Amino acid sequence: MNLLKIKALRVYFPTDDGIVKAVDGVDLNIKREEILGLIGETGCGKTVLGMSIMRLIQSTTLTDGEIIYKDRDLLSLSDDEMRKIRGGEIAMVLQNPMTSLNPVIRVGEQIAETIRLHQGLDKKAARKRVIEMLRDVRIPDPEKSVDSYPHQLSGGMQERVMIAMALASDPELIIADEPTKGLDVTVKREIIRLMKEVTAKRSMLFITHDLGAAAEICDNIAVMYAGELLEHASVDSIFSEPLHPYSEGLLNSLPERGLKPIRGISPSLIDTPQGCRFHPRCDYAMEICREKHPEMVKLEDGRAVRCFLYA
Amino acid sequence: MRGALKSGNVFCKNRIGVTGLGILSVFILTAIFAPFLAPYDPCEMFEPMAPPDSQHVLGTNDIGQDIWSELIYASRISLFIAFTTSIIATFIGTLSGLFSGYYERFGFFVMRVVDLFLALPRLPLIIILAVFMPTSIWNLIIIFVLFGWPITTRIIRSEVLTLRTRPYIDSERMMGAGDLYILGRHILPNIFPLVVVQFVMEARHVILAEAGLSFLGLGDPTSKSWGMMLHYAFEYPTIFISEVWKWWMLPPGLCIVVVILALVFVGFALEEILNPRLRREIV
Amino acid sequence: MHHLTKITAYILIIFVAISINFALPRMMPGDPITSLTDDPTTGMPVIMDEDIKEEIRSYYGLDKPISEQYTDYLKDILKCDLGWSIYYNAPVAEVIFERLKWTLLLVGTSTLIYMILGIFLGAVSAWKRGERGDLGLLVSVLSIGSFPSFFLAMLFIILFGVKLDIFPIFGATTPFMEYSSTFDAFKDVLYHLILPASTLVLTSIDGPYLLMRNSMLGVLGEDYIVTARAKGLTEWAILKDHAIKNALLPITTVIAIRMGFMISGAIFVETVFAYPGIGKLLYDAVSFSDYPLLQGAFLIITLIIIAANFIADMTYLYLDPRVKHG
Amino acid sequence: MLEVKGLSKYFSSGILRKRYTKAVDDVNFSIKRGETLGLVGESGCGKTTLGRSILRLIEPTAGKVLFDGIDILKLNKKELRTFRPRMQMIFQDPDASLNPRMKIRESIAEPLKLQRVEKCEIEGKVQELIERVGLSPEHANRYPHQLSGGQNQRVVLARVLALNPDFIVADEPTSALDVSVQAQILNLIQDLKRELNLTLLFISHDLEVVRYMSDRIAVMYGGKIVEMGDVEDIFNDAKHPYTKLLVSGKEVV
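Protein chains in written order, with my numbering: chain A, 1 to 311; chain B, 1 to 283; chain C, 1 to 326; chain D, 1 to 253.
In isolation and in its complexed conformation, chain A is listed as follows:
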């Protein structure tokens, strides 16, 4: 059963240089207790997609489409209704904990804020709950850490605080934006293990460019390129048999798989190529790819791919 349904979502930013089409016609469903990985490279629009689910994008943006969460379209809710969902039923783990935590407020208070707001606990009860939360995310000595300031914690610990903060209101859906970015290999491994554990009974949209991390934690994967989705499949099938040439190229660029690069560079979101957006970099490009924009094709085994090779 679907918890979140995104239909034909478009998010455009008007700028001096032209309109940035950060998200350009995305359809995506997240099922209950599903962990969906959203994979893409810098500037493909994946962060904007995550932010627009939470409606955290500035007011100058042009947004179109539907984001249906439990039969309610988030885009048509009033600001007050949205605020109740934000941080309550849907929580977010933002990238870069160093700057995402307020440097002059104790971490305990930053978590307690959410608890008081969404669960209506008083100060004392909230503090008790915060200490439990910190213990859950395995921060050593929670009674003491609750009163630390962010700069007194290491990067890994800050990331745990971010996770505790997202879990504080017991959300049904977590949107995690690059939670493993900038972490050391060993720390990253622990954070992934922790995230897997705490999302056991929840849904999560896991936004990342780190294919390894996605492979470890996700059930399904959606691949994003130049503002649109190119492929959507289960984690096993996409890693063993990627269908879209871009997915294939991305996997082959990994050092483990021989560092075979994709030629060229990602297009700017202001003027994307005609036809298939990937065709200038594609080894299998055909005449039709230059002329027509491919639609998402649903295959028999439940996979979907946007490529004329499978049309």
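These are computed hints drawn from the structure, not numbers from a lab.
Remember, predicted model here, so these are calculated numbers, not experimental data.
Every residue gets a Cβ at the ideal spot worked out from N, C-alpha and C, and that includes glycine.
Some clues are possibly wrong.
To be verified - Which chain A residues face chain D? A few, computed with CB under 8 Å, are given here:
#1 GLU41
#2 THR42
#3 HIS209
#4 GLY249
#5 LEU250
#6 LEU254
#7 LYS260
#8 ILE262
#9 ILE265
Position chains B, C and D against the provided structure of chain A, taking the given hints into account.
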């Protein structure tokens, strides 16, 4: 950096900045062409305390000088002091900022001097110096420069300190480039926008300080600035209760206000363009 | 550690201020007496007979060696002896301390008002960035801030004092007035305070306003504001709990240091309103060439400003957790 | 060709009571001509400081760096300036490695000018270098912010190549880049290395990347090199507990 490159273009779109620049140019042109614009020699004396009429647009002052001509010539003095001071102070500040940011040990000593200057109260010190020094335009300029360079040094230095750690500076060093080459070719062009902002801010400060000093009677009486005119107007016994303030006090005061405002507008616009924090790019 | 360095630095600064005060009359080109006796408005030397010159010379102790002069000077300052005022014919310290309370009253009240008002308006402006309200506030604050304080003071006197006749135009109290109660006295003082204080507030408000606006704009672009929004906090809660404190921290010192500007501004405002504070005293000392008084007033003003800076510095050390818990 | 002996770099803090952080602590290793030594470790382990100390971008506290038998640390300022072009460094952030106010053409021409190459030859050489690193001639008139991170890293490589160096320190040259672009740049570095017989110190936190790039690997932890050996030895038979931890949890893709 991206912003800095586009800055010229963006500045034109900034209405506040263009307004300021426009006003400023009018004043500068007035100052340059004062002898052609002023109907009389400012020292020529007529009947004192005459109200405005067709001969004297703004009347005459207590010793019979034409106020309109006085006002036009005063713009020369005020702007000359302001711009000369800013040019010298910004120049010294930029050079010392560059070197003290690049050479740590030299910078340490310069910064202690700067700290001291900035900790001492500027205006009282300027007043007491002006009292003890013989009054002349050049002495005023020396005093203002003395207290003007340290702030520029500090600002430029902190910018150089961040620039110096950029990898491209390291890569220049690896290529065998000398210190002076790096400073001149790679660091100076990147701090230049900041230097311009500092220049504008300093000019604004000097206009205000010079007006204040002259108002207190510490200016050069042989070359009257707007502040000096206000000083004599203020000293006139019935300035507040008769109508003379309208043509004697108001015009020089408003000139000061408008020039400062123009400088503030230009500085503000420049800062807004150059401060990356204020113009964050989306996505 | 931090504290020790800071305190040493401040002691050094006081020392330098005192030394400048000592050195200035002695450093002037030529004989100090000539420069002292030059008429400040014309630059023309005033003819003076040898007796008076000798008197001044021995008054400044100029016949002694310089090191001895210096130690004498320091000793006198420690004894609160700032010399003898020529114009008032009274000890300088006495004249100054009598005037000090009015300056502290004027500067204290204005500082309180302009800081709160400036910070508030700056925060509002940043919050409404780019909207009509922000632009309106910005242009009005920048415009009013471009008025030299003495000019605004003169306009106020003409408008509120003479034309509308609702406020007194000079002094800190009504002369020869006998008050029937303390409340009456308070009312009279307040009545006299309003115009000078408003002038000071209006001409200095651009400082804290711009600082707060810039600082706040920076903070509002930070990631932790997005985090706060993602928690579902209301805009007001974000402003109150996350933005204002963070924006205030880096500017506390700068704002407090502007206390110095306030006292400088007081020199002009007191002069125009004939407000009997230390600033007016400084102006009088300049006009009457009363040098001992001038130097005394300069020293006291400098010390007050340095003290204000010191308090500001120390407060900051205790406010910011990043500095406190290093 | 390069021999590092007892190299240490301590950072001090505090004025009265000095505290020292040992960023690099008694490091010894050598690199043969044409060899690539991979240096892995977590952030803050001192690997960047080590790389910079070798090139004297930071003055080391103690030790020797012998380059073809010459002790670099003993050179005076002028000697160092003439010696430096033989060693080069590639930095982590390509966008910050180029002067934002210089066109790509000027940036690439600069090392040639500094080496006093004849004016008339410069233009031709720049064209040659642009092609050599896989850029097209139209890029020459652009500014760094108009190019992508990967393209800027190519420009950086062109600048480095212009000097004909013997030894290059590459400090996380691809960690700011996307995977598909990372592969392009790493392959380009490999090609150039083979072609020009370069000697490389390759610093990275990514074990897989280091494995692909290096002949030998040194593992750094807490300012010290805790283990060093051939690539396959490190991966199959790690001795030090930290190396074991690194190698054990390879994500299986």
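Inset, instruction - Quick one: which hint numbers does this structure break? Sort them smallest to largest. - result: Hints that this structure does not satisfy do not exist here, as all of them hold.
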